[in-house]
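S.K.: Sequence:
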Amino acid sequence: MDSILNTLIGMISLIAPCIVFGTCCYFLSKKKAVEAVLMTIGAGVGLLTHLLYFLVPLLAGSNNLAYTEISKYYTIIGFIGTVASLCFAVGLLLLIHNTVKKNNVFHDQFPTSND
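With our numbering, you'll find the sequence shown wraps up at 1219, consecutive numbering, no jumps.
Calculated from the structure, these hints are not laboratory results. Small disclaimer: the values here were computed from a predicted structure and weren't measured. Every residue gets a Cβ at the ideal spot worked out from N, C-alpha and C, and that includes glycine. Any given hint might turn out to be false.
[To be verified] Computed list of lysine-lysine pairs in DSS-like fashion (alpha-carbon distance at most 30 Å, straight line):
#1 Lys1135 with Lys1205
#2 Lys1176 with Lys1134
#3 Lys1205 with Lys1134
#4 Lys1135 with Lys1206
#5 Lys1206 with Lys1134
#6 Lys1136 with Lys1206
[Claimed, not checked] Simulated restraints, written as ranges between beta carbons of each label pair:
#7 His1201 with Glu1173: 21 to 29 Å
#8 Cys1129 with Leu1156: 15 to 23 Å
#9 Leu1156 with Thr1127: 40 to 48 Å
#10 Leu1156 with Leu1112: 12 to 20 Å
#11 Thr1203 with Leu1159: 24 to 32 Å
#12 Glu1173 with Ala1137: 18 to 26 Å
#13 Lys1205 with Thr1127: 36 to 44 Å
Build out the structure end to end from the sequences listed, making use of the hints.
M.R.: Here it is, written out as structure tokens:
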């Protein structure tokens, strides 16, 4: 019973990546753009790597894996997570750049006063 409770408490950390991935999927469904695709891919792969970080200790304990094997898995998962984070960051940067660019065009439409 205690291990089930610890597992459920450990899964609480999956809430934020799930919310980010869901938000990115919603954004992608509303706007088919490069930034939406990059953010969705980054968030999805990030969610998978977060899940793998959670599952590797469980698999290692049940299979009696050596530390060197576990270290290899964590290195691979870390590299994939880094690429996913970069993908998400580039998509977010593109979204911010395009939003700021649109806002500058909006502000230039109004005449300035000559007081």
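S.K.: None of the hints should be skipped; say for each whether it holds.
M.R.: Consistency of the hints with the structure:
Simply put, Lys1135 and Lys1205 have alpha-carbon atoms about 17 Å apart, close enough for the 30 Å limit, and the pair holds. The straight-line distance between the Cα atoms of Lys1176 and Lys1134 is roughly 39 Å, outside the 30 Å bound, and the hint therefore fails. Proposed proximity of Lys1205 and Lys1134 is supported: the alpha carbons are some 20 Å apart, at most 30 Å. Between the alpha carbons of Lys1135 and Lys1206 the distance comes to roughly 15 Å, so the proposed pair stays at or under 30 Å and holds.
Distance restraint check for Lys1206 and Lys1134: the Cα-Cα separation of roughly 18 Å lies within the 30 Å cut-off, and the hinted pair is therefore satisfied. With a C-alpha separation of about 17 Å, the suggested pairing of Lys1136 with Lys1206 holds against the 30 Å cut-off. Between His1201 and Glu1173, the C-beta spacing of about 43 Å breaks the proposed range 21 to 29 Å. For Cys1129 and Leu1156, the hinted distance range of 15 to 23 Å is satisfied, since their beta carbons lie about 20 Å from each other.
Judged by the Cβ atoms, the range 40 to 48 Å given for Leu1156 and Thr1127 is violated: they are separated by roughly 21 Å. One distance hint, 12 to 20 Å for the beta-carbon pair Leu1156 and Leu1112, holds here, with the actual separation near 18 Å. Checked against the hint of 24 to 32 Å, the C-beta distance between Thr1203 and Leu1159 comes to roughly 37 Å, which is inconsistent with it. Separation of Glu1173 from Ala1137 is about 41 Å and departs from the stated range, judged on CB atoms against 18 to 26 Å.
In this structure, Lys1205 and Thr1127 break the distance hint of 36 to 44 Å, their C-beta atoms being roughly 22 Å apart.
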